[in-house]
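Protein chains in written order, with the numbering used here: chain D, 628 to 1036; chain L, 628 to 1036.
What the hints contain is simulated information worked out from the structure, not anything from laboratory work.
The model shown is predicted, which means the values in this text are computed figures rather than measured ones.
What you were told as hints is all true, and nothing was included just to trick you.
All copies of an identical chain are treated as equivalent in the list; a pair is satisfied when it fits inside any one copy or across any two copies.
DSSO-like mimics (lysine-lysine), calculated; alpha carbons at most 30 Å apart, straight line:
| id | residue 1 | residue 2 |
| --- | --- | --- |
| 1 | Lys980 | Lys757 |
| 2 | Lys988 | Lys757 |
| 3 | Lys995 | Lys979 |
| 4 | Lys979 | Lys999 |
| 5 | Lys917 | Lys995 |
| 6 | Lys979 | Lys757 |
| 7 | Lys802 | Lys848 |
| 8 | Lys874 | Lys884 |
| 9 | Lys802 | Lys874 |
| 10 | Lys874 | Lys630 |
| 11 | Lys1000 | Lys633 |
| 12 | Lys980 | Lys995 |
Protein chains: 2
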Amino acid sequence: MSKNLKRIPGGVNAARGYLSAAAACGIKRTGPLRFDLCLVVSEVPATAVGVFTTNLVKAAPVILSRRHLEDGKARAVVLNSGNANACTGTPGIRAAEQMTNAVAVALGIDADEVLVCSTGRIGVQLPLPKIFPGIVMAADSLKASPAASMASAKSIMTSDSVPKQSAYEVSVGRKSFRIGGMAKGAGMISPNMATMLCVITTDAGVPSSYLRKILGEVTSKTFNCITVDGDCSTNDTVLTLANGVSKIAIRTAAEKKAFAEALHAVCADLARAIVADGEGTSRVIELTVKGAKSEADAHRVGRAIANSQLVKCAWAGSDPNWGRILDAAGYAGAFLDPDKVEIAYDGVAAAKKGMGCQDAKGEARLRKIAAKKEFSVLVDLHLGKGEARLLTTDLTEDYVRLNLSEFSL
Amino acid sequence: MSKNLKRIPGGVNAARGYLSAAAACGIKRTGPLRFDLCLVVSEVPATAVGVFTTNLVKAAPVILSRRHLEDGKARAVVLNSGNANACTGTPGIRAAEQMTNAVAVALGIDADEVLVCSTGRIGVQLPLPKIFPGIVMAADSLKASPAASMASAKSIMTSDSVPKQSAYEVSVGRKSFRIGGMAKGAGMISPNMATMLCVITTDAGVPSSYLRKILGEVTSKTFNCITVDGDCSTNDTVLTLANGVSKIAIRTAAEKKAFAEALHAVCADLARAIVADGEGTSRVIELTVKGAKSEADAHRVGRAIANSQLVKCAWAGSDPNWGRILDAAGYAGAFLDPDKVEIAYDGVAAAKKGMGCQDAKGEARLRKIAAKKEFSVLVDLHLGKGEARLLTTDLTEDYVRLNLSEFSL
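Please work from the sequences and hints to get the whole structure.
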């Protein structure tokens, strides 16, 4: 990481000119009353862009936020957990509109300056009578404090076990800008947008065309390279607001490099936090596929391995089962010569030329690695220069138990 | 089912002119000594064809059996469980060759008349010193009895909990031919060949070109329409031998229709038995996708749903979660208008026009259906005439527990 990049507290409130607040409205149906709604507000109009789910089934807030982003501007984001407002048809769109309208009235801004995100149960209409008072409460208590950003990060949790925040200060000459964000996401995590929500705020001034380009690039290398269960949800959203309050505008190549690095740092932190908190998972695996004929092939092989139920079960059982990994590579739809494949755990070769290469002592060593909470797996196809890196998890009995029903959200 | 088709006992020994025998050689490493090798032998040379895994990582017995099938003829099949002889490189090919050589010597036939199948652990060399005496024992005790076919069906079990056999007698005018088979398969079951082995024997006389064509067609509608975990293995094999001992040759359109129907009946029985015995699964779901723009689209949607970890977990929890089904349909890569989708459980609508359509009483009724051991799910996309039918299962904690390691095989 660049020495100009300094980790700071504050999440979505780390950057100057942003306020936030959370409310507990009772949208989450079980357990004690918890935060389940929040507002993130820029004191001045901000450049805003988003990256959304590729699922053809898009939740109402995704449809509405895309519409409100057409002009590349926004002032506020309203987020709720406990109900995804997905598969809710026209009434769902109306409900999302009413959420943005209520925020607009409470803040004295236009509804199309308000973005909206929802996460939670699919197929149930939003309880607007609970949401409206929540919006008023949050709007009345907006603050730029670490406590406010923490409450906001908590308010978007569903099956997440911990709130997820990250922020950095970036020196540019004698001045500095800040960037921070929060995310939620635990199950339904897959490349091409996870079931995740993420809001990133920066006080740099960034032209919307560049912000759109760089957010796409960074997302493809962070949030789109993690997978928990291969499912791709209806609500995935990454929103980024840039309000320019720092008076630093991102224009030169050096400034763009610094901004890209900082955005990548925030997204990488949040992506890793999402995987590490995967529903019921017990291990984080850094999977690298190299030597593929193309980058696309490397991703195909990576996803086949990272999403294979059998590979993931083996990892849960501390079994460095290179056979299942090779098997998954074989059906990935990529060029492959099984007799060339090399597989290693934390740098220790498990297979070379498509065959096991360890004696009993070596296998015991591999099993010790696969029993760690975090380890790396390298799959080298020895065919070309295509490479892909993914973060993935194991598949545990706890995952299944947690997902037997989502009534508990 | 046609009235000319009569279910009979006997599995691979049901058809005339076939003998079989099983042996317990100690290839399966745990528990008491169990059958783990068998021979299926035709008394006369038979027409023979096979369908094999599409995985680029092919096990040695797959490579060798394909080679031995080039002339469209075979006399015998040797099968073992406990070791898949996959990812074993050149030594693995040699071991498979030595298995067929040993059978050839024991039976006094040519090695290229012998086909070979293995199932079990991947990446470990075959214990040939245990296999050779097993082949001699089996060759010495060949019989055409229901007990012999049952022992053979048991000998190919790995994590299967029950042996899988099926056989029919088919009346053609005043004469009849017989067809029967056995299969194994429990995990790594996916469309485009499951982790399964299957041997089918018939005493009809069938030209190899027609036998190849019809086996492909029937396989695509039976074994390739089942999925347990979406994984596609290195060893999948369906072999079919036709020895003509019944003196009925399949030549006319009517004879071909009768044969196709009988082959389909055997394969459908075995495919259903494989799904019903899916590792640690508790439910069998008949999934129909209709109204797709094309048959390929229907299959894409069907596989996305049938392989979704979240859909499968919901089923395990008796949760008729149509939202997760719609979500999976949305990322299947097929044409879809979410607002047109209809989802029904055992004929009871759960969602219409992409939205839930039941009150609390209706939802309770749906939950009762989803709690059954077997139920049907219909997904109608209302876009065209494409249709696909799949058999699938839920995803349980037991599945994960069973697959934490395959050391137990």
